[in-house]
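Below, each chain spelled out in residue letters.
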Amino acid sequence: MSVETLLARPLRMINLGLEVFAREMEAAGAEVVHVDWRPPAGSPDMAALLARLEDE
Amino acid sequence: MAVSVAAANREALDRLCRARPAWTAMRSAREALGLTGQSLLHAGPPIAWERMCGPMRGAVKAAAQFEGWARTAEDAERLAAAGEIAFAPCHSRGAVGPMAGVISPGTPLLVVEDAVNKTAAFTFMADGPWGHQLRFGAHGPETLQGLAWVRDVAAPAFQAVLEREGPIDLASLMAQALAMGDEMHMRNAAATGLLARRLAAPLAGVVSPREDLEAILRFVTRDNDQFFLAWSMAAAKAAARSIDGLEGSTIVATMARNGVEFGIRVAGLGDRWFTGPASVVEGLYFPGSGPADANLDTGDSAIMETWGLGGMAMAASPAVQKIVGAKSFADAVATTRDMAEICAGANPLFPIAPLNGAGTPTGIDVRKVVRTGIVPKINTAIAHARAPRMIGAGIATPPVEPFVAALTAFGEAYPG
Amino acid sequence: MPTRALVRRSFYQDSMVLMQAAAELRALPGVREAAALMGTPANHEVLAAAGLATPETKTATASDLLLAVDADTEAAAEAALAAGARRLDERTQAREATGRVLPRTLDGALRQIPDANLALISVPGAYAKLEAMSALRRGLHVFLFSDNVPIADEVELKRFAARQRLLCMGPDCGTAYVGGVGLGFANVVPRGRVGCVAASGTGLQAVASRLAALGEGISHGIGVGGRDLSAEVGGAMTTLALEALGADAATEAVVVVSKPPAPGVLAALEAAIAAVRKPVVVCCLGATPRAGAPGTWVTTLDDAAGAAAAAVRGESWAPRLFGDPAAVRARLAGLQARGSVLGLYTGGTLAHEAHLVLAPLLGAIPHRIVDLGDDEYTRGRLHPMIDPSLRESMVREAGDARDVGVLLLDLVLGRAAHTDPAPSLAAAIRAARARATKAGRALLVVASVVGTAQDPQPLAAQVAALEGAGTVVLPSNAEAARFAALALVPDLAARLLGGAR
Chain A
18 MSVETLLARP LRMINLGLEV FAREMEAAGA EVVHVDWRPP AGSPDMAALL ARLEDE
Chain B
914 MAVSVAAANR EALDRLCRAR PAWTAMRSAR EALGLTGQSL LHAGPPIAWE RMCGPMRGAV
974 KAAAQFEGWA RTAEDAERLA AAGEIAFAPC HSRGAVGPMA GVISPGTPLL VVEDAVNKTA
1034 AFTFMADGPW GHQLRFGAHG PETLQGLAWV RDVAAPAFQA VLEREGPIDL ASLMAQALAM
1094 GDEMHMRNAA ATGLLARRLA APLAGVVSPR EDLEAILRFV TRDNDQFFLA WSMAAAKAAA
1154 RSIDGLEGST IVATMARNGV EFGIRVAGLG DRWFTGPASV VEGLYFPGSG PADANLDTGD
1214 SAIMETWGLG GMAMAASPAV QKIVGAKSFA DAVATTRDMA EICAGANPLF PIAPLNGAGT
1274 PTGIDVRKVV RTGIVPKINT AIAHARAPRM IGAGIATPPV EPFVAALTAF GEAYPG
Chain C
1060 MPTRALVRRS FYQDSMVLMQ AAAELRALPG VREAAALMGT PANHEVLAAA GLATPETKTA
1120 TASDLLLAVD ADTEAAAEAA LAAGARRLDE RTQAREATGR VLPRTLDGAL RQIPDANLAL
1180 ISVPGAYAKL EAMSALRRGL HVFLFSDNVP IADEVELKRF AARQRLLCMG PDCGTAYVGG
1240 VGLGFANVVP RGRVGCVAAS GTGLQAVASR LAALGEGISH GIGVGGRDLS AEVGGAMTTL
1300 ALEALGADAA TEAVVVVSKP PAPGVLAALE AAIAAVRKPV VVCCLGATPR AGAPGTWVTT
1360 LDDAAGAAAA AVRGESWAPR LFGDPAAVRA RLAGLQARGS VLGLYTGGTL AHEAHLVLAP
1420 LLGAIPHRIV DLGDDEYTRG RLHPMIDPSL RESMVREAGD ARDVGVLLLD LVLGRAAHTD
1480 PAPSLAAAIR AARARATKAG RALLVVASVV GTAQDPQPLA AQVAALEGAG TVVLPSNAEA
1540 ARFAALALVP DLAARLLGGA R
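Protein chains in written order, with the numbering used here: chain A, 18 to 73; chain B, 914 to 1329; chain C, 1060 to 1560.
Hint data in this document are derived by calculation from the structure and do not stem from the laboratory. A quick note: this is a predicted structure, and the numbers were derived from the prediction, not measured. Beta carbons are placed, not taken as given, at the ideal position from N, Cα and C, and that holds for glycine. Just to be clear, a hint being listed does not mean it is correct.
[Claimed, not checked] One-sided excerpt, in silico: chain A residues whose CB lies under 7 Å from chain C: (1) 19; (2) 20; (3) 21; (4) 28; (5) 30; (6) 33; (7) 35; (8) 47; (9) 67.
Construct all of the structure, not just a fragment, from the sequences and the given hints.
Shown next as structure tokens:
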């Protein structure tokens, strides 16, 4: 959805990373799903390869 | 890059999901695979005699005697050490072998064909009595007798049944078995029962004398709930072969272990193996055995997980949880959910009833394995490292490094 | 000096949890140093440098968690390690007890919430682009808290986002408000009619809190990260945000908070401002607007809030140096500070604003403003807005510094910040002032508090705690800086207070 639509709709969020943010969102009564995120296997170089190979 | 990974993977998932393997014939390895000379196939990625684990060496000794290349186990060992036996993975010929998985030219093989994707796959059945099975490395007189009996009595009988009945549909049998609580790798009890039901009357129609009929029926129905595993494996291999060499696809086409190394092959990377150390299997032991006796993870049966069954389908099988020592049903569901995170999709052929009929997670994507660090969990038997028997069952967690290496190789093979 | 360590295989925890775990370990009896880290190559070096590497720790891979403790005795080390392991187990059990299966990926989450519209991303910087691009590709807007993201990644993300008319808020975006929901470190402010575009988290917090104090509220506060107005990024998100707020029915006036834009970007920024057919207040700290520039340019954050509030009310507005000059005069009576100004700040933008206010006023008097949120102070530590201990020890030490006459502080409240920071900060202030007095000096402590009455740490009580320790609390950071200058340079009174003190 475009930014104009976003600003007019309730937020429905997905949290990747620090768990504290998901807890704060829940405490504020907002809809959020927390992802149990972990870094990819291999070295950080894999990030670029994974990004390239992730097709649209 | 010229090929879209997403499109290639969609095609791979399609092929895996529309496969309908059927059991069509019994053939010797010589006939079915063109295996000639002093050649043996084995489970897992390529490995030389010097590095083979105990069970596999035992199986080689059995096979060499069975073929008449050696008269004793010691002779067989000398032959192998002298480099006079050529070794290759079963997977190099479209076959799969459970545990040590050793196939020789005279081994009678199940032939399983998929008319939809036009592929075929091959494997061998259970052989000698408990404690004397080639797959666990037994190579004594009982083993050789068992091998000969299968070749001379059981296999021809099955061939006769197939000639009379036509191909036996494995896809629907396996779907039925899944609904009855099998996961098709460590729990095949329902499928074994369904197969026995399918074969009983036809066998009675083609086999004589009566002693042979009784022996064959006992072979199929005796206290071996895992009898159907051979058919499961060949069916999964037939399905997986449909994606071998599929250009641009990151879906895993093979997962296999030889007791020393774990290896994978990826659809878009053809015949290249990516390996890492075979894992310690975590599980439950039969009384009198423990981890100190255990061989590392072994066998081509990881082909089940490659086709979305076994560990991928744990939630379908409360019974297997007891067998492999999974902590709880909730744990099995969590494992299946984790597997969904690393797969391309779900196979509607195999709905998991406790998960509202969601299909089993199918098509392991190396990109997702690397992205999440989640590796496929493999339900498997535990072999004794130094004696020819099974000592337990559990869950093997393969190393992640082969998946990382495969993805790196894929990036090089398909530059942007 | 016994060191004990344990390794938990395939056990990942996020950086904030790890640093809290390390802080808890350090607080245990007999513990001299402690670490809780994932076994990445960089962390192994950190461990070795801290003298905490052991044969066990060397076996840890990047997906394994390490706890390492150095204590006075073996017993203390073992006890600390056991306590640390128990805490890890408690966290796992607490999560399992909820019975919820957490997804492991964005796609897994989308299966649970298919109509998600925003991804909050705070993964380590090396993976920020991977995750943010995935989210943008799936049509989600992104709030990107992660820092240490290469500028080339930021350019690629924002280029893609702008083409899809998606927001990519960040990298390095600490605060935002969308539809009344505060993201990241945010104060609880009412929904209202002022929209913000901010290149700074604490800048947005300060403006939003001030608007709340003036009886107004925020429609949306769009964070863009600190580099959006750089030459490379070209203001991609700032322009998109201005267009969106220009079109947003709930927004009646817009505030832009940032640093000065790169020269090549100024024109684009001015064009975007001019295209907004609503009052636009611009606070580019440190910039001097050219004559005829569109929008109302102000020099401080509180002026930005004041001008915006006036705009939505249709009132006229002029900058005021102090909201209540009489009260300031009363407070200054009898005060004569001597020496330099030391600023110990948790908000980078507030530190910068303080410097900009002080520099022209102090003349030859030295001032040193420290931004404790800067990388140099936050390596292996939580941000000072969460863990105040480093600043508090520096406050205490300021009492011994012979040349420091005025200590200038900020205190930032709000969600995700420390739950009750004022009491221990007040204790540190008391200690510092006592040390100075004992040495025959006077230490003046001046502060401002960014917060609202609805924040988890109610504003009035926090202010009261600081005042109880003898702190002079002003309503804004700019006023606090001016007060500090007045205390040192009485002659400024004519200029700043319109007459003698």
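Q | Violations among the numbered hints | A | none
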